[in-house]
Amino acid sequence: MVYTLSELARLAGAKLRGRGDREIEGVAPLARAGAREIAYCASSRYRSQLPDSGAGALIVTAEDGEGLDRDLLICTDPRVAFARVAAALCPEPPVVAGRHETAVIDEGAQIDASAYVGAHAVVEAGAQIGRGASIGAGAFVGAGARIGAHTRIEPRVVVMHDCIIGEHCVISPGAVIGGEGFGYVREADGRWLKVPQLGRVVIGDYVDVGANTAIDRGALGDTTIANGVKLDNLIQIAHNVKVGENTAMAGCVGVAGSAVIGSRCLIAGGAGIMGHITVGDDVEVTAMSFLKGSVEGPGRFSSSLPATNADVWAKNVGRFRHIDELARRLRRAERAIKQLLSGGKP
Amino acid sequence: MVYTLSELARLAGAKLRGRGDREIEGVAPLARAGAREIAYCASSRYRSQLPDSGAGALIVTAEDGEGLDRDLLICTDPRVAFARVAAALCPEPPVVAGRHETAVIDEGAQIDASAYVGAHAVVEAGAQIGRGASIGAGAFVGAGARIGAHTRIEPRVVVMHDCIIGEHCVISPGAVIGGEGFGYVREADGRWLKVPQLGRVVIGDYVDVGANTAIDRGALGDTTIANGVKLDNLIQIAHNVKVGENTAMAGCVGVAGSAVIGSRCLIAGGAGIMGHITVGDDVEVTAMSFLKGSVEGPGRFSSSLPATNADVWAKNVGRFRHIDELARRLRRAERAIKQLLSGGKP
Amino acid sequence: MVYTLSELARLAGAKLRGRGDREIEGVAPLARAGAREIAYCASSRYRSQLPDSGAGALIVTAEDGEGLDRDLLICTDPRVAFARVAAALCPEPPVVAGRHETAVIDEGAQIDASAYVGAHAVVEAGAQIGRGASIGAGAFVGAGARIGAHTRIEPRVVVMHDCIIGEHCVISPGAVIGGEGFGYVREADGRWLKVPQLGRVVIGDYVDVGANTAIDRGALGDTTIANGVKLDNLIQIAHNVKVGENTAMAGCVGVAGSAVIGSRCLIAGGAGIMGHITVGDDVEVTAMSFLKGSVEGPGRFSSSLPATNADVWAKNVGRFRHIDELARRLRRAERAIKQLLSGGKP
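So the sequences go chain by chain: X, A and U. Letter 28 of the first sequence, counting from 1, is numbered 40 in the numbering used here, and no numbers are missing. Letter 91 of the second sequence, counting from 1, is numbered 103 in the numbering used here, and no numbers are missing. Letter 205 of the third sequence, counting from 1, is numbered 217 in the numbering used here, and no numbers are missing.
Errors might be hidden in some of the hints.
Chain copies aren't distinguished; within one or between two, either way the pair holds.
Simulated pairs of lysine-lysine, DSS-like, Cα-Cα distance not exceeding 30 angstroms [as the list claims (entries may be wrong)]:
1) K350 with K242
2) K242 with K304
3) K206 with K327
4) K27 with K206
5) K350 with K27
6) K27 with K327
No lab work stands behind these hints, which were simulated from the structure alone.
Just chain X, same shape as in the assembly (with noise of 0.2 angstroms):
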């Protein structure tokens, strides 16, 4: 796509410094970006960067713009108007409607015909795909399941029956969505017995969902997934778990059973969440964290250790595994010491 650079700044909520009438077709690093390009500045660190780039527009704060001879988009946060900008240089391309000739389609499958289910694609009975939507390449859509409109499923996905999944969403290759639950009763003699699980992976609009993430549906309700939320790669949720609108999760994240996780929670990459806790809203859990009790937002929490040299670790862990024998000396320390400092003598 091609823009002025005074419709990029419309675009991006920029003000723009120097010709607007100059033509833009893409995006490109600082240190790559051609002519009819655009580049941003993430930090005031580059900003020696930004006088040589070849790019033909820069966007900028209005600091790291000063006394800049350069087209440039002035803006508080380029990080943001950049993504603006690169949405409508390099949008996603057009679905385009049909349906491979080695899909495997039940003739009880609704799809919209603006819609496209790829080459080896599977769709069982029942099952719905919305206006625009599309079916990647080997991907399983099973019995009555639903896939909303615009909504990309990207090749070997699975979706298994009756899971739903809202308008505008991309589940990444891979990604399990409706696996059964972990769910067993334990038996006296250690063997363990399945509880049926009958529910569904409810999915909201605009949800991301990463390669080979896992979602399990629900044992008698269901898991759901709110608007908005974004999960990266290789997460666990597990069934009967809410998440919250607009919730995002780094890679590695783990949530046990029916955890209830409040709207605009950011989970960082590595944290696990215990089962049934509930979790406020714009709770933040730091990387490698494990919040386990329920806790009320908003908040920051972390258990995460950084590493350090592993000698020095060592000693330290040493050190950690008696710490409750520490404090118990260090209290009757405190306590002689009391006693000279009346005046005692044993």
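Dock chains A and U against the given chain X, drawing on the hints supplied.
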């Protein structure tokens, strides 16, 4: 399926109170159950919901059922009773024998006449598919692999060559059974020389494997998963691991190579098990913990840290980095106190 | 393959002791090896098994081989010698050129005549498959992607558009190469605006990628994996990460966006690497550790806590939450002692 309440009482090992001829045909949560459905009370916390539930019958403890004018199944553990009742009322749909016309089945594969092979599935030479087993859409069963009777291989599962899966197993979507183990030796120049991974994965009966879980084949011997083991989603089982009967692992657990894990262990979500260690029977490992050395069972092991306010946490972590110094200072203080108490002066 | 013991000695760089013309055609563990197989002694712990092994030949250290009346390959590191011998005796089966009739290959794809494309695989327009490469059953190679010579793409792998994989690589089942990076900016109302992910994944030669591992494409630049890197299963590599030559990562590692990791690093299982940090060459990170800041190499870094008895652990964790207070109390005690020692009284 339809059962009378008397029949369900017998199946559940529960005591019937009320109309034994009442017909029940499904299960539902307390709040949504209708007259032909049965619900259960998971905890006395939900006791107040019992009188108003629309359920045709309720599964309760004697205590929770006291004074309740409803048709009841009374038992000591409603969750177990419910699991039995639900398994009877909501059986898995029967496997319909046949082969989808798009399945690619090698002439040298042996597929039992009662088994099902789904759309776009691939079954290679020498593979065996047992009585009543089903191979899901797009699943891959490699050369010489064996799938036992009544085992369900779900869509997009990969079972690599020569691996063996027992009877009555469920392998969830995206799971990979028998990928190559991670075995290398390092050359002097830093390059890695691959050690051929010549073993198999051998899985017993009644084993469940979760979505996108990976179980690597052994290097020389086999990776073995004993009868009744339940593995949740996104678990990594490295080469040559042995997992004992009825052990259960929750999501995101990682087990490193050659670890030997006993029977009836419970490994909670996100835990890591070190390689080459031995874990006794009936060992529990708490969520997000790291079992680094061999342990005997029974026993419960933990190294998880619950998240707290991030600022408080940061302060404690700072102290932790100096805990060794703290311990030394305490030792010095104790010596000084001893000296003072004995009347000594410097 | 059949080799004489002399030939194997040469291949392994080991010293032959015994019958050089003995024929060997396979490898096996000490306890199961037969007369035409070779076994190795991984550690002096297994020395007692050597005399009774049925193996035709044994790979041992000089020390373990002392006084042993067997046909031997003597070397300093039996594991390395075994890897070389096993690679020769058990080579990967050769790739049989061809295209399965069910493969969907775009006319605009370039497939070398010596390459193989398996059942239900999909190769899109502009993709290139090199000499002797193989594309497994059900794998997906997106538009413009390039697969180098002799690289093996295993079943159900997804390689998204424009990504590049070098020569002699192995991509294990279920891996996803080139999924969209997790890039968003937050609008004032909490909604997430997607940042287009326009980069690629560029993988060098001799790289192995484990089952269900996910490597995201770059945002503007590329995500790059250098020659000789070995990645185990269920690893998450976020957008714009750089991994240096011959670095190895074990299962369940997560690397956040834009991290730059050096050469010959060893990242053990379950470790997390923070985004936007730089990790020097020859850095080791221990299992389950969290590398939060940049580090220079060489060096070994850890933040892992080994699990102990859960009750003892709980007590220590309780103390840890008050370690800051503990440190303050110690400081006060030290001051009081100093005062006492100097003869002062309150």
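Q: Could you tell me which of the numbered hints above are not met by this structure, giving the numbers in increasing order?
A: Numbers 1, 3, 5 and 6, in rising order.
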